[in-house]
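A.B. asks: Chain by chain, the residues run as shown.
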Amino acid sequence: MLIWLTLIIPASCIILTTLLQSPRSILLLCVLGSLSSSASVLILVMHGLVTPIFAASRQLMVDSLSSFHLLLVSGIFTLSSIYAGYYFLSPAKRMSFGNDKARRFGICWFSFLTSMLLVLTANNLGLMWVGMEATTIASAVLVCLEFDRSSVRAAWTYLMMCSVGIALALLGIFILCSEGRAASLSGESVFLWTELYHLTHRMKPDPVRMAFLFILIGYGTKAGLAPMHNWLPDAHSQAPTPVSAVLSGVLLNCALYSLCRFLPLVEGVSGGQGWAFHLLIPFGIISILIAAIFIIHETDIKRLLAFHSVEHMGIIALGLGVGGTTAALYHTFNHSICKMLTFFCAGTIAQHYETRDMRSIKGVLSSTPSAGFGLVCGILALIGLPPFSIFMSEIWIVQVGIKNGHLGAIVFFLIGAASVFISALKHVMEMVWHSPQKGSPTDPLLTNKSATEIGWPLVAFPLLLLAITGIWMPARAKGVLEQAGAIINRSNNLI
Amino acid sequence: MILLGLNLYLISTTRISACIHSCGFQGILLAALPLTLGHSFNSLSGGHFWHVLLVSLGTVVFKGIAIPMLLLRAMRKTGIRREFEPFLSLHLSQLVGAGLVILSFWMSSVMKSIIPLVNSLALATGLSTLLIGIYLTINRKKSLSQVLGYLIAENGLFVMGWSLLGGASLLVELGVLLDILIAMMLMALLVTRMDEMSAAGETEKEPKLTGDNF
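One line per chain: the protein sequences are A and B, in this order. Start counting the first sequence at 1; every next residue gets the next number (the numbering used here). Start counting the second sequence at 1; every next residue gets the next number (the numbering used here).
The hints are simulated quantities; they were obtained by calculation from the structure and are not laboratory data. Wrong hints could be hidden among the right ones.
Think about it this way: if two alpha-carbon atoms lie no more than 35 Å apart in a straight line, the pair counts; the simulated DSBU-like pairs of lysine-lysine are [unchecked claim]:
id	chain 1	residue 1	chain 2	residue 2
1	B	Lys-142	A	Lys-101
2	A	Lys-204	A	Lys-93
3	A	Lys-101	B	Lys-77
4	A	Lys-101	A	Lys-403
5	A	Lys-93	A	Lys-362
6	A	Lys-204	B	Lys-142
7	A	Lys-93	B	Lys-77
8	A	Lys-426	A	Lys-403
9	A	Lys-93	B	Lys-142
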């Protein structure tokens, strides 16, 4: 019942959006709608963390792994909805944000939320795929909201690559489930994750491994893992900033979540020697290294952040691969919060300077204090500076990796992370230290200074969250992470 | 069954400007698949006659009628009629297509030995359709024919799904159909939009993706 409620609230907001008349009211609905859906998610998660709950004759399920992601999705969606208000009603955007565009935004925003919640609550692997494809479609419309040349091009690449990519994942799911059918499941239950979870000892390893390869390529494309990441920088930089925040803050996580659902199945079949986990390691390393190379010479601030996403997805994949599932989930949390914050600030700064080119963004702290402060701290956190929690989770992954004997992988990771650290630090320092050129459009005296700002609370809240969880993690939160990690590890017998 | 396999093969490898029509025809043929295959999987679909009928009907309406109409409209708007400019020439593509078909028959015979209860012919057909579809999306330059390639790949997936699982879940099949329909609508829209823009700004130089969306 609760699961249904969680899905119905955003779905009904889609319909409500079509009735509203002004951009302002649609943006207000976005905030209210995502707030109420977070409230229902919160209640749902309270129950789901204790014991898995089911709905719709076991087609939908919420356990601790999905609870963790549900919390993250709804939290980030709510904050991004608030930011969308700042972003679209800013002087730079207010003129062009008309009725049609607002309605298109509202409809797709809530379809996007609904489909992500569907992915996270689905127990039926086919249904999960359907939700995944729906997220691609809804977010592709959001990417080309401006409908100009470059954004349409970006949306096209995104839509084609991800659709073809996850078509392969569907093939993998078919193969996996046909193996499940051979292990005597019947009817609808062939697709149910919980059923497959219990049947793994009866399935044969070879077909399941083949299936996992397809699934890895498919969902890996969607998660932006390295050789298949080409769509990511374009889509993330061309999208309106609230959309970029959600795309890289939670959509990538959802893709990795789907991948994580298959890990215990494959491990169960192939005898728990870590075959599936080890496959993730090269993808992780390549992602980290490629991102590290591209970050060095990047000049576009949003593309810089997009490549950071590729890097962090690589780190999470590596963390999963070396066996630190809990550490990887912790890193997922940190990355989402941090990436949301940096995108918010980068969007506002880009609006203020009317460019995304970091070479003309100088003196951010004096011209846009709150956004500048947020961006600087956010990027420092993102590259792993100690007081923040990303440092903690990276150290944790390194520890686990060394303990489990993946020294080579960890060395590559450290090389990549160090290179990112240096080059990103250089970008940040250039944006902070140089003062704005006099007489240029970026001169704070010429632009309306107070108009393009985001509220301090929107900067301070994620930043504090990152700083606090870096220093002290509540035992309850750690329990949730461990519980969720245990599902991927298959080391619990709760289900 | 053999007829179906041959048809799919022919349609996917002939490269003519009437590709869309053949895609629609392929969609209608696909709809026949659950009806013919359904009998051999009665034990598993539990005689869900309505289920099979619904999926067939949905396939005819969506893949046989709605999507081809959408694409035809997009084609008329953009004025792309025949100018396929593949990276590899047509003759070479036919060779590649034949190679892919042989590959998929070989793969499905391998898979048959691993996975029991598989209708090998349908599996091979599906796999070859999928591979050819993906090949088309890679090889073609025009966006409209890339969309067609994606559609063909999805058709192949549909066949593979039926041959592997025999229509296991109504929910999943209808969901996938709906997804594809909406994706097609969006793709058609993007194709027309991209065409409009490239027609308007032919003298412009190719834009860098660092546009002005801050």
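A.B. asks: Give me the numbers of the hints this structure contradicts, sorted from smallest to largest.
C.D. replies: 2, 4, 6
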